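Peer 1: So you can see what is in the structure, the chains are spelled out below.
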Amino acid sequence: MKKFKDIDTNKFLLGITIVMFFVMYIIGMIVFNKQGFAKPQVFLNLFVNNAGLIVIATSMTMVMITGGIDISVGSLVAMDCMILGDLMMNKGWGAWSAMLAVLVIGLVYGSVQGFLISYLNIQPFIITLAGMFFGRGMTAIISTEMISITNETFSSIAQCKIILPIMGTMNKHGKMMYPFIYPSVIIALAILIIMFVVLKFTKFGRSIYAIGGNEQSAMLMGLNVKKTKFIVYVLDGFLASIGGILFCMNTMAGFVEQAKGFEMDAIAGAVIGGTLLTGGVGNVFGSLFGCMIRGTIESFISFQGTLSSWWVRITIALLLTFFIVLQSIFSKIKAKK
Amino acid sequence: MTNKAVSLKELRKHRLFMPIVCLIVVLLINLIKTPNFFAVSINHGVLYGYIIDVINRGSELAILAIGMTLVASSSGGTDISVGAIAAVCAAVITNILSGGTDSVNEFHAPFLLAIIAGLLVAVLCGMWNGFLVASLKIQPMVATLILYTAGRGIAQLITRGQITYIRVDAYKVLGSTIGNNPVPTPIYVAIFMIIIASLFLRYTAFGLYVQTVGINAKAARLVGLNPVKIQFITYMICGLMAGIAGVIYSSRIYSCDANNIGLNVEMDAILAVALGGNSLAGGRFSLPGSLIGAYTIQALTTSLYAMGVSADQLPVYKAIVVVIIVALQSPELYKMLRKKTGAQKKTVIKEVTQA
Numbered sequence: 000m001k002k003f004k005d006i007d008t009n010k011f012l013l014g015i016t017i018v019m020f021f022v023m024y025i026i027g028m029i030v031f032n033k034q035g036f037a038k039p040q041v042f043l044n045l046f047v048n049n050a051g052l053i054v055i056a057t058s059m060t061m062v063m064i065t066g067g068i069d070i071s072v073g074s075l076v077a078m079d080c081m082i083l084g085d086l087m088m089n090k091g092w093g094a095w096s097a098m099l100a101v102l103v104i105g106l107v108y109g110s111v112q113g114f115l116i117s118y119l120n121i122q123p124f125i126i127t128l129a130g131m132f133f134g135r136g137m138t139a140i141i142s143t144e145m146i147s148i149t150n151e152t153f154s155s156i157a158q159c160k161i162i163l164p165i166m167g168t169m170n171k172h173g174k175m176m177y178p179f180i181y182p183s184v185i186i187a188l189a190i191l192i193i194m195f196v197v198l199k200f201t202k203f204g205r206s207i208y209a210i211g212g213n214e215q216s217a218m219l220m221g222l223n224v225k226k227t228k229f230i231v232y233v234l235d236g237f238l239a240s241i242g243g244i245l246f247c248m249n250t251m252a253g254f255v256e257q258a259k260g261f262e263m264d265a266i267a268g269a270v271i272g273g274t275l276l277t278g279g280v281g282n283v284f285g286s287l288f289g290c291m292i293r294g295t296i297e298s299f300i301s302f303q304g305t306l307s308s309w310w311v312r313i314t315i316a317l318l319l320t321f322f323i324v325l326q327s328i329f330s331k332i333k334a335k336k
Numbered sequence: 000m001t002n003k004a005v006s007l008k009e010l011r012k013h014r015l016f017m018p019i020v021c022l023i024v025v026l027l028i029n030l031i032k033t034p035n036f037f038a039v040s041i042n043h044g045v046l047y048g049y050i051i052d053v054i055n056r057g058s059e060l061a062i063l064a065i066g067m068t069l070v071a072s073s074s075g076g077t078d079i080s081v082g083a084i085a086a087v088c089a090a091v092i093t094n095i096l097s098g099g100t101d102s103v104n105e106f107h108a109p110f111l112l113a114i115i116a117g118l119l120v121a122v123l124c125g126m127w128n129g130f131l132v133a134s135l136k137i138q139p140m141v142a143t144l145i146l147y148t149a150g151r152g153i154a155q156l157i158t159r160g161q162i163t164y165i166r167v168d169a170y171k172v173l174g175s176t177i178g179n180n181p182v183p184t185p186i187y188v189a190i191f192m193i194i195i196a197s198l199f200l201r202y203t204a205f206g207l208y209v210q211t212v213g214i215n216a217k218a219a220r221l222v223g224l225n226p227v228k229i230q231f232i233t234y235m236i237c238g239l240m241a242g243i244a245g246v247i248y249s250s251r252i253y254s255c256d257a258n259n260i261g262l263n264v265e266m267d268a269i270l271a272v273a274l275g276g277n278s279l280a281g282g283r284f285s286l287p288g289s290l291i292g293a294y295t296i297q298a299l300t301t302s303l304y305a306m307g308v309s310a311d312q313l314p315v316y317k318a319i320v321v322v323i324i325v326a327l328q329s330p331e332l333y334k335m336l337r338k339k340t341g342a343q344k345k346t347v348i349k350e351v352t353q354a
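So the protein sequences, as listed, match chains C and A. Following numbering that gives the first Met the number 0, the numbering of the first sequence begins with 0 at its first residue and continues without gaps. Following numbering that gives the first Met the number 0, the numbering of the second sequence begins with 0 at its first residue and continues without gaps.
Isolated chain C, as found in the complex (with noise of 0.2 Å):
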């Protein structure tokens, strides 16, 4: 039997996470069971509502790994968002070629920052919050107006329904309804295992566990420290782009207040995920609850009605506060032993 104090803390804190969803995904269903919330099609709809968020928690998972953060992600999601709509209703190009194009300027956002950041050695919050008011600011430059995609190829991938021949429900007509699910889904679910698998088995992979567990150590096992958090940026500045794209296929539309604060959305869904801000601790699959947890609150004031939006985003700051402090905690504790 192993004692409390020998239990990998950082897989404490992933369990407190997955059994808070699960408890919490539970309360849901006895409470809004009447509104229906324990239909599958709810649950599905956490990883519709939430395609773009996973993909970005993934890629601010990697990122705060290597010890470092990434708060342009909500203006740069704003931008591509803007710029796909720009192209294909302003300037007719087709949804391909402004998926592609959408995906270059995510590669050279993240080479910006990851040069700034990496090479210069600046702190990463700085180059990012710069970032994120070029981002926003640029989004209002393309237009101050609401730009809606109405776009046909984009439309029809955005909501191709893939049916799900499981778990199905009468509805009242006595009709027979299947659970579906959009191709977002499955391009976040491939990125998010993709990732897990890089993280885990590459030898990129290690290097960056290994540069967020200590650089110096890192740099002296012959690591190039410099040149793989570098990519790590260009990758992450792409992966917010693949973020974006599926963000957009969500809201069809782009304007300069989108994705206020998906920033501290993506940050919280890698925290309460068990991704240590100090770095070097951090797994993809948290992330996933974490934005799962996140998901289950917002439905959970839409279910509820009354309350403002304005709620997610307070209780999800507190969620975040509560895990940083149970972090902060753990490794205090770490550190007496």
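For the record, the hints were derived by calculation from the structure and aren't laboratory data. The reader is advised that the hints may include incorrect statements.
Straight-line distance between alpha carbons at most 16 Å, and here's what the computed EDC-like set of lysine to aspartate or glutamate pairs gives [to be verified]:
#, chain 1, residue 1, chain 2, residue 2
1, C, Lys-226, A, Glu-331
2, C, Lys-259, A, Asp-311
3, C, Lys-226, C, Glu-214
Being a predicted model, the structure only gives us computed values, none of them experimental.
For this one, chain C is given, so just place chain A on it according to the hints.
Peer 2: Coordinates of chain A only, in the frame set by chain C:
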């Protein structure tokens, strides 16, 4: 080397050299673009002109820069929640004064009481940040990110999502002018705060303590300082400064718009600190530098507005400026440049010797 060159070199080494040069450059560009930039006239009994506008609008920023300088120095991080704290403070004040309605023509509660309550809430927000940063050792930006995003939500809840108007002349005083005095009140408030801060830093050892903690918290502890307490106090002061700025913002528009009060001001405040020659990684600081930085940023903002850049687009230019400044502050850049030029020299020598 002549005497003159030496003195110029010394001058360049002075901490305030860069900030002052920046300010002069911005002002010169303005002077060329708008020749009447320095013209001051009296309109409706109030001083009027671009330069007055810069000093007037820069008041809040100068006040915020005081707090931000201390925070950056003591913790090596920045407080990105100042704009949100300003909004919360303004929301509390207008809500108390209006007694819960959306628009009033007279105070529903004593003015002073409301201001004190608002500032108290701002200090509380600062203490919250301080607790997270100093006691729990969380990176300052993550810690303040919580209030940055949640703060405006809280302000929205306080004002019930409405814009609360206080249409009382006494409330407008702080944002406009006192009676027939031609100088806008925010300037007085800023000068007052600057004097207090400078006296405080000059006649107490607090400034020294802050720098010691910022340079090496462990060493500070060994010489008998309490780094936790000192960092905590700097965040508290930063919260208070954000609150005071919030009062002025709110008084200017005699209302509280929770979404827009102090919007993007955290970027300006960080810029002011960086531009003032202070390292954002903590340690030594110079308050005059930050203040010059604050007015430089305000001059930049005013001139960008004058050039027809909209408020939404401003952050792009500021983001570029901040990246340039921090890149120039980075020692790595010079190392890289030296390496490159060094490598070139070496190859040249090689070529020469081979030849």
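Peer 1: If a hint holds in the structure, say so; if it doesn't, say that too.
Peer 2: Outcome of the hint check:
{"no.": "1", "hint": "C:Lys-226 - A:Glu-331", "in the structure": "15 Å, holds"}
{"no.": "2", "hint": "C:Lys-259 - A:Asp-311", "in the structure": "14 Å, holds"}
{"no.": "3", "hint": "C:Lys-226 - C:Glu-214", "in the structure": "13 Å, holds"}
Checked against the numbered hints given earlier, the structure satisfies every one of them.
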